[in-house]
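**Student:** Residue numbers (our numbering), protein chains in the order written: chain A, 11 to 178; chain B, 502 to 638.
These aren't lab readings, by the way, just hints derived from the structure by calculation. If you're wondering where the values come from, they're calculated on a predicted model, not measured in any experiment. Just to be clear, a hint being listed does not mean it is correct.
As the list claims (entries may be wrong) - Short, incomplete list of chain A residues facing chain B, as computed with Cβ under 10 Å:
1. TRP19
2. ARG24
3. VAL121
4. CYS139
5. GLN147
6. GLN151
7. VAL155
8. VAL157
9. ARG161
10. HIS165
No residue lacks a Cβ here, since even glycine has one placed at the ideal position from N, Cα and C.
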Amino acid sequence: MAGEGAPTWEELARSHGRFLYTVAYRLTGNREDAEDLVQEVLLRVRRGLETYQPGSMEGWLSRIATNAFLDDVRRRRRRPEDLLPEDPDWVLPPAMGADEALAAEVLSDDVQAALQRLPEDFRAAVVLCDVVGLPYQEISQTLGVPVGTVRSRIHRGRALLREALTRA
Amino acid sequence: MNGHPGDLLSALLDGELTPGEEGGVRAHLEECAECGRELRLIGEARSSVRALPPVDPPFGFFERMLHPRARWARAGVAALAAGAAASVAVMALAAPREAPVSPHVGQFVDAHTASASTSGDPISELTPAAAPVSFQR
């Protein structure tokens with residue numbers, strides 16, 4: 011389907027709906043928000059199909075989904091009652107040196123819960139890297155930050171995840 | 502390499518280092534047990550996320566988004582029933598509760614089943630969703 015011209019709205023849902031829903035769920039952590047995010051993505055797609063550049067459809071959808079997700083996070087942050095920590099100090103904790111072994115099998119619910127505990131900017135970088143599989147350069151373009159920042163967010167995000175999974 | 506590689510450890514796992522950087526990080530890892538341990542822990546977190554399964558949307562989710570007519574029809578029936586007398590209520594009861602299933606549904610199922618079992622991209626390689634069985638084809 012990639013290649014000639016822009017895909018239709020229906021082609022997108024048919025061929026990439028499950029992928030898009032998965033990305034939305036990994037970003038938001040619950041079905042209700044995932045459904046809202048998917049709807050927002052398809053609205054943006056509908057408005058912006060003419061700007062589609064033939065290439066990786068899933069990369070393109072992931073970029074739109076991530077931007078819509080982070081837009082929503084920023085909107086919520088403007089409301090004081092929803093204020094989220096900008097720079098939590100639980101980054102790469104020294105306790106990481108402890109000798110706890112990660113259980114051989116970590117339930118995906120635990121991993122999803124650990125993802126939810128990441129600051130959204132880190133979560134977006136980790137999801138784009140490890141769920142979507144984008145290279146750092148594309149993650150950098152998606153998030154509008156330098157590649158060095160992408161490296162840092164992915165690494166710190168993984169360190170936080172590992173710490174959360176150890177406690178799970 | 503001066504100091505510990507830090508962020509470069511994740512980039513090493515992701516194949517995102519230049520050959521020069523990679524050589525430096527690997528040389529450091531041969532001498533620094535602490536960074537070797539951090540690399541292992543980071544690798545475990547990375548694998549945990551990569552092993553997460555795809556998530557299926559609720560049944561009919563995209564159908565309802567793409568073809569919301571069935572919902573509109575039900576809403577219209579409900580409005581009539583609310584605003585009118587018993588005869589209208591009887592009509593509402595007699596009206597079909599579901600709009601006829603669009604013939605596109607079968608195509609969606611086929612396409613989804615086909616795409617879910619197509620190799621070539623990492624998401625599609627995962628277990629295909631079971632094909633719904635309740636459609637009248």
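**Student:** Does each hint hold? Answer for all of them.
**Tutor:** To see whether the hints hold, each was checked on the structure:
no.: 1; hint: TRP19; in the structure: holds, 7 Å
no.: 2; hint: ARG24; in the structure: holds, 5 Å
no.: 3; hint: VAL121; in the structure: holds, 5 Å
no.: 4; hint: CYS139; in the structure: holds, 7 Å
no.: 5; hint: GLN147; in the structure: holds, 9 Å
no.: 6; hint: GLN151; in the structure: violated, 14 Å
no.: 7; hint: VAL155; in the structure: violated, 13 Å
no.: 8; hint: VAL157; in the structure: holds, 8 Å
no.: 9; hint: ARG161; in the structure: holds, 4 Å
no.: 10; hint: HIS165; in the structure: holds, 4 Å
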